[in-house]
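Residue numbers (my numbering), protein chains in the order written: chain L, 1 to 363; chain Z, 1 to 283.
Derived from the structure by calculation, the hints contain no laboratory data. Treat the hints with caution; some may be incorrect.
Said to hold, decoys possible - Covered stretches of chain L (chain Z as the covering partner; in silico rule of three or more C-beta atoms under 8 Å from a C-beta of chain Z):
| id | stretch |
| --- | --- |
| 1 | 23-34 |
| 2 | 63-72 |
| 3 | 78-85 |
As the list claims (entries may be wrong) - Anything over 12 Å on all C-beta distances counts as not near chain L; from chain Z, calculated:
| id | residue |
| --- | --- |
| 4 | M17 |
| 5 | V20 |
| 6 | L22 |
| 7 | I70 |
| 8 | I110 |
| 9 | K169 |
| 10 | A201 |
| 11 | R235 |
| 12 | A276 |
Note that the Cβ used here is the ideal one computed from N, Cα and C, for glycine as well.
Below are the chains, spelled out letter by letter.
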Amino acid sequence: MAREITREVGDRFLLLRVLKSPREAADLSIPGWELLLRQARFARLLPRLTLELREDDALWSRIPDPVRPHLEGALGEGARAAVTIAWELDRLTKTLAHLEVPLVALKGAAYGALGLPSSPGRLSADVDFMVPQDDLDRVRETMLATGWITATEEDYEAFYNRRWMHELPLFRHSVRGTLVDVHHNILPPSNRACPDAGLLLRDKRPVPGGPDGLFTLSPGDMILHSAAHLFFGEFHSGFRDLMDLDRLFQLFASREEGFWESIESRSVALGLEGPLHYAAVFCREWWGTPVPATVGRAGRAKLPFGATSLMRRLLLGAVFPPDPGRTTWEDRIARWSLFARHHALRMPFWRWVGNQWEKRRSF
Amino acid sequence: MRVGPFSVRLRSPIPGMAPVLLRLYPDFPLTDPAGFVDFDCEMKPRSRITHGKWQKEPQGMFYLDGRPMIQPFPLAWAPAFFEWGLNNSVSRCSHRFLILHAAVAARGEIVAVMPGLSGSGKSTLCAALVLSGWRLLTDELALFDLESGRIAPFCRPVSLKEGSLDVVKSAFPHAVFGNYYEGTHKGLVGHLRPPTESVAAMDDWVTPNRLVFPAYTAGSVPVWEEVSKAQAFMRAAWNGVNYETLGRRGFDLLGDFVDRSDCRVFRFSALHQAVAAFGEGAS
Numbered sequence: 001m002a003r004e005i006t007r008e009v010g011d012r013f014l015l016l017r018v019l020k021s022p023r024e025a026a027d028l029s030i031p032g033w034e035l036l037l038r039q040a041r042f043a044r045l046l047p048r049l050t051l052e053l054r055e056d057d058a059l060w061s062r063i064p065d066p067v068r069p070h071l072e073g074a075l076g077e078g079a080r081a082a083v084t085i086a087w088e089l090d091r092l093t094k095t096l097a098h099l100e101v102p103l104v105a106l107k108g109a110a111y112g113a114l115g116l117p118s119s120p121g122r123l124s125a126d127v128d129f130m131v132p133q134d135d136l137d138r139v140r141e142t143m144l145a146t147g148w149i150t151a152t153e154e155d156y157e158a159f160y161n162r163r164w165m166h167e168l169p170l171f172r173h174s175v176r177g178t179l180v181d182v183h184h185n186i187l188p189p190s191n192r193a194c195p196d197a198g199l200l201l202r203d204k205r206p207v208p209g210g211p212d213g214l215f216t217l218s219p220g221d222m223i224l225h226s227a228a229h230l231f232f233g234e235f236h237s238g239f240r241d242l243m244d245l246d247r248l249f250q251l252f253a254s255r256e257e258g259f260w261e262s263i264e265s266r267s268v269a270l271g272l273e274g275p276l277h278y279a280a281v282f283c284r285e286w287w288g289t290p291v292p293a294t295v296g297r298a299g300r301a302k303l304p305f306g307a308t309s310l311m312r313r314l315l316l317g318a319v320f321p322p323d324p325g326r327t328t329w330e331d332r333i334a335r336w337s338l339f340a341r342h343h344a345l346r347m348p349f350w351r352w353v354g355n356q357w358e359k360r361r362s363f
Numbered sequence: 001m002r003v004g005p006f007s008v009r010l011r012s013p014i015p016g017m018a019p020v021l022l023r024l025y026p027d028f029p030l031t032d033p034a035g036f037v038d039f040d041c042e043m044k045p046r047s048r049i050t051h052g053k054w055q056k057e058p059q060g061m062f063y064l065d066g067r068p069m070i071q072p073f074p075l076a077w078a079p080a081f082f083e084w085g086l087n088n089s090v091s092r093c094s095h096r097f098l099i100l101h102a103a104v105a106a107r108g109e110i111v112a113v114m115p116g117l118s119g120s121g122k123s124t125l126c127a128a129l130v131l132s133g134w135r136l137l138t139d140e141l142a143l144f145d146l147e148s149g150r151i152a153p154f155c156r157p158v159s160l161k162e163g164s165l166d167v168v169k170s171a172f173p174h175a176v177f178g179n180y181y182e183g184t185h186k187g188l189v190g191h192l193r194p195p196t197e198s199v200a201a202m203d204d205w206v207t208p209n210r211l212v213f214p215a216y217t218a219g220s221v222p223v224w225e226e227v228s229k230a231q232a233f234m235r236a237a238w239n240g241v242n243y244e245t246l247g248r249r250g251f252d253l254l255g256d257f258v259d260r261s262d263c264r265v266f267r268f269s270a271l272h273q274a275v276a277a278f279g280e281g282a283s
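Assemble the whole structure, with the sequences as input and the hints as a guide.
Next comes the structure, spelled out in structure tokens:
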């Protein structure tokens, strides 16, 4: 029996529209709700969607019965994620306090620590933070000694990671099971656009009311990090990252004097003009974020002709698939292209060849 | 089709899925194709070249909403992995229930929840009870409704492994099984078709009143052992699938259940004896 083709089926922007204006969900058909939930689960935004829908009592009461349990259940997950972040940051600052090393919380951990509007309902796979590169070894030893375990490193992998990567191999807590990612930079050093970690650390801000030793990046740097993370190829959480960017842009622009000018010049100082340009363009286009035209100008000048259009097409396929449960060829090509680009940026080809050669020769 | 409280849609081009599903799920109601589907699952072959390597054996993947839910598996074992994939999907996305790794069987007034991890004998005992006339609510995931504390039947084919397959088949020669899969990560695996009456009763939610920890002990006569409420609570929570995610609500619900229920350990080996003793002892 053929299903009714409703207007929502095949609508890649359904989740986006509902998040921007929850009332759009009021008239959804059953297949429409299914698609909305599918898109939300794929984007890992189901708890966030639920929170938005709950703001409106009249809307909430009109949600069809079979749909509601999925939404309510997601709230528990969102709440749990928030508790996990808070607890892990607490435990980590206590464990590492004696080292007197600044812990700079990144992304979800930072949003949670600061209680930002992007944090309720946000699902993270792990807790990310950054420390100065010189302190990396001491941090690693302390964590291994206090119940954290890490994937065993074979000699070559250890050498490779220390030289080229910006983070230690993932830590998992032996009892709590949480995952922690320790960085010394926000991008791999092998990436040409890798910013100077010293600049990032110099501008770090303490968390108001938070434990001693816990910091976050400055507001502009948080945005640049999120943009760099997404636009250098980690598109699996692309939708969520774009939403974060929209919220962060608006929040910080309202809080900080001269924010737009300072983020533009900061992006140049860090070498992250390209990601800022993409962030500005796509937030404006898809979220309607009021980003002034001056933001991203340096990036636009730097990027090759057609780069933005290409990125738009790739993101549409990877981040806004019309139906996550039914991947089309276009989606697949988009995802594969972004994946290949991510790896090429992470490790230029000639260096990869060099690494393979060394690996066979010495290990 | 509807499986317990969920409607499930499975799309798959894999030949061999349909005959097995027909053998194991003939009594399950089909839902209206235009109706809401809780779990939209897809199982399809994986491309032969993955991560730049050629796969010797054809593999399959299980997807929920476009995301893989379990590791790739040999394509020939797809029907078995439907069970695991669906279990995983339900475990991760059904937080309106407190979910425990437990079998649940009922007869008359008794509704017994039997938590246990692999090797405890819970599936073997559950299969034996069900083949002796007990109602099957679930063999793997006990769904406790957060609002009412009642169990929503999640009646499915009972998955049995290695030794328990032999034991059950010799004790109950009339049992209907699907295919057998050798060499999985759990050894030899087979699925027992759930009784028609149990499937028909899948909308009948019940309040559980017994908490029994099965302990398969080779050579043992059936023995009931006492366990304190506190220990019973901890052991049950240990078998929780989404217990931590639910936080306080899960704690309260489990606490209420343990408080008002009879909690004991049940050691057994020979199945017919065990079933008889279980019926007597649980009353």
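Hint numbers not upheld by this structure, sorted from lowest to highest: Of the numbered hints given earlier, the structure breaks none, since each of them holds.
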